[in-house]
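Line by line, the protein sequences give chains A and B. All the letters of the first sequence, read from the start, carry residue numbers 587 to 1124 under our numbering. All the letters of the second sequence, read from the start, carry residue numbers 587 to 1124 under our numbering.
Some hints could be false.
It does not matter which identical chain is meant; a pair holds if it fits inside one copy or across any two.
Stated by the list, open to error - With a straight-line cut-off of 27 Å between C-alpha atoms, the simulated BS3-like cross-links for lysine-lysine are:
{"id": "1", "residue 1": "Lys716", "residue 2": "Lys665"}
{"id": "2", "residue 1": "Lys635", "residue 2": "Lys624"}
{"id": "3", "residue 1": "Lys1091", "residue 2": "Lys973"}
{"id": "4", "residue 1": "Lys940", "residue 2": "Lys716"}
{"id": "5", "residue 1": "Lys665", "residue 2": "Lys776"}
{"id": "6", "residue 1": "Lys1091", "residue 2": "Lys635"}
Honestly, the hints are just simulated from the structure, not real lab data. On a predicted model such as this, the values are computed, not experimentally measured, just so you know.
There are 2 protein chains.
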Amino acid sequence: MVVEMEVNNGENTTNNWVPIMKKLHMNVIGEKMKKFPKLTCRTIWRVGKEDPRRVIHSLKVGISLTLVSLLYLMDPLFKGFGSNAIWAVMTVVVVLEFTAGATLCKGLNRGLGTLLAGSLAFLIEYVATKTGHVFRAIFIGAALFFIGATATYMRFIPYIKKNYDYGVVIFLLTFNLITVSSYRVDNVLKIAHERFYTISIGCGICLLMSLLIFPNWSGEDLHNFTAAKFEGLAKSIEACVNEYFSDEEQQKTKENSSDLEDPIYNGYKTVLDSKSFDETLALYASWEPRHSRHCYRFPRQQYVKLGNVLRHFGYTIVALHGCLQTEIQTPRSVRAMFKDPCIRLSGEVAKALKELGDSIRYRRHCSPEILSDHLHEALHDLNKAIKSQPKLFIGSKNNTNKLTLATVVSKGQSGALNSRRVSLSSVKTDTSALLDWKSKLRGGSSTTHENLKLRPTLSKIAITSLEFSEALPFAAFASLLVEIVARLDLVIDEVEELGRIAHFKEYNDDDEHHVVVEIDEKNSRPLPNQLPTRDSGD
Amino acid sequence: MVVEMEVNNGENTTNNWVPIMKKLHMNVIGEKMKKFPKLTCRTIWRVGKEDPRRVIHSLKVGISLTLVSLLYLMDPLFKGFGSNAIWAVMTVVVVLEFTAGATLCKGLNRGLGTLLAGSLAFLIEYVATKTGHVFRAIFIGAALFFIGATATYMRFIPYIKKNYDYGVVIFLLTFNLITVSSYRVDNVLKIAHERFYTISIGCGICLLMSLLIFPNWSGEDLHNFTAAKFEGLAKSIEACVNEYFSDEEQQKTKENSSDLEDPIYNGYKTVLDSKSFDETLALYASWEPRHSRHCYRFPRQQYVKLGNVLRHFGYTIVALHGCLQTEIQTPRSVRAMFKDPCIRLSGEVAKALKELGDSIRYRRHCSPEILSDHLHEALHDLNKAIKSQPKLFIGSKNNTNKLTLATVVSKGQSGALNSRRVSLSSVKTDTSALLDWKSKLRGGSSTTHENLKLRPTLSKIAITSLEFSEALPFAAFASLLVEIVARLDLVIDEVEELGRIAHFKEYNDDDEHHVVVEIDEKNSRPLPNQLPTRDSGD
């Protein structure tokens, strides 16, 4: 309104627009600027709160830098190393990483690269010194070209890329520095010596800091992250099945909230996207020494394998979630008949997943009763419920004689159906339930139309084609649920294998209670966005 | 046998074992050593063959290094820059990356980091010079600690980590180098100047090499990679549905071959694991200048979004693939009844996916008839086929009166069934097919038992529970297939959106033929293991 008035008062409308728009724009920017410090502060605070180890790591880097700069700042030390002390500072900045494994990986890669490059550079230097000045320059240039191209090409080989990429870069760097310097400086050997010592000092400080003072182990992170995945999956399954059988009103409010806050999606998202995170952590873990009390080798491959199995388990949950979002839906009245066994089944699966997660978290074998009788029972009940409703699987648009047949079946079956309902303490009486159900069955085809929230383009495929048997989507849902139970078995196998390799302690029923308290503290740790950086420079 | 005889001839059996075992072990190692050079050569050859741009990039790095080393090797140039020329070499080694975007990202990060660090270092230098010698050392130490800790902490903030991680490392590095050197060297300003010039020269050579000489664009890679994904998915769906309806013998031979060679798995694997690859490429693409003929902004966000949608599409294929691997299977005789519409449906979906992939590859809008009438027809036929077989959905272990009912239904239906079979040009006569089908139906529960390759632990859940209605797994399969068609629509939407944003050219029917030839050449390019390295150092 303000804008409009100003425009009307002005003489030249088009010219007036520009400053007004600018003013508005400035206001928006001003608003943003006002909010910016607050937002920044909140972000900074949250980063530290999410994982306090980050604050400790930052302090560790600060301390290491101060320590290493003493080489330069203190006179007696400076006399020993001279200006080469700068390489120690450089090494600390580049090598000191968040986890011990990453630091070791980088440190050893750097050491190896430097050593190899040094040797090769001296070999070339040895050949070059025997020739004249001009020829020497050409020889060095050619060597640089050849080694540079070869080393770069090597970095494309998957094995080297995965394990020694940083080492090759450092090799190339050091080789170039030494070879080029050797052309101008006479006593290259002395420089190389001093440089090697200072780099060693830098690496030593880094290792001391990352291995001995509040160490963060990649293996530990991988372990906790794996345990946390199970909880996410358990939550997803429960939420998914509950939502499938929830009332329509509830679902609509959920649809309004964004996808990001969806508990189902949040639960499995971390698992699906965990591949590169898992592999990076496992790679760093492979560099870590055996630090646990028992000095067992960290079974990183098994964690990666378990991660793969969990990801495959997750894909089934995504498909299950897809059943909720699909355009063709089984009417709620029909679904309601299977509500109880499905919800019990999902509850049992979630319980088993949580138990598996706990068993990993506390490094113990999982309970022998992990596949409880309740799970078995729920599966059995679901089976019975499906078998008792054959008529559902007759399409909604069948001709009359089939429908009559279906009614005959339903009459024969209604007794059994209702006795189940009563046993599940349904509030409805037998007769009303039967009538209700029948009317729903007859009105089925129109219900389907209402549920079909077809988007415009989909209508190309013609709506009629999508009027499959009403129960088909539910059959898919049930089948996926059973598939989840079957895959749970694979997951249990891998967890047991992990327990065997990692020498988890035996399951003890008494442990259950006094460990529960620790969960909250440990739970908050392994988050995927604290991925140890692989992209830092030298 | 040789080992055993030698053991028997020897006097001290246990002592003899060690050298024999060593010998055997040596033989194995010897074998491996012999194979090693051959394997290495093959790997090196394959890396270059997979993507010839890698060879070009390696040569580019070699040339750049030689060029930059001229600063040091040629006398007139060396007099200008002095030993600081080494920084140019360093910059080239670190900044020159495979794609233009990655080089720009690193180069600009490096430049920005160096500039910021230089300014801050001079500020601190300015304060420090006014104090005494000892206090100055303490002041510098404190500054190092504070800046080091702060910068490290900043790297944990997701936004900075994603975009400026390398810049922060370079900032920290340069700041430390300048601050520490300033304590010993008087004319820091001159050093900083020279260093800045040489780094600029290094960056200049890198940019020249990566932007002007055979440039590799991240955006281009992302584009081709996205197009290739569609083909993978299309192959997966076709292979999956074909395998589901294939004969049992064929399937068994397939089970023997490893999972890695599975065409279904290979097709969707790349799509599922593409998240981090897509995002890295998109990040680098965001740094690239508008290089295409029309200078349109590269719609990287849309590519990432399309990648997400494709990944979700892929999850449904994984679930479909799961139907092939699950323990509970619909008998092949039953499946065969739905073979024709399912295979046609999958063929149409695959065709649509290929068309979408091609439309992206050649930057044109996709054909308006992408959802062909054939697809519609196949969907319709599948619907009809399912509706005509209501009896299938009656469980295999029903009590007798239900079974009789089922038989009644089947008798009533057999006419319709057989007429369908004939229309599908089945070789069996009506009667034999009916008998065959009936015997299968009656022997259903035993067939299911044979198919149930239950692993020991699963037996806890009790086999009986898993004897769901035989048709349930097929219902899931069909439902997932329909779901795939529904999701195809979402994919088409995103592709159309991409075409709109990226100003693809209009669809022209004549284009179809003369572009086909190009496919093979271009097809081999975008492979996920040529991910531009984010973990190289300085």
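field: Violations among the numbered hints
entry: 3, 4, 6
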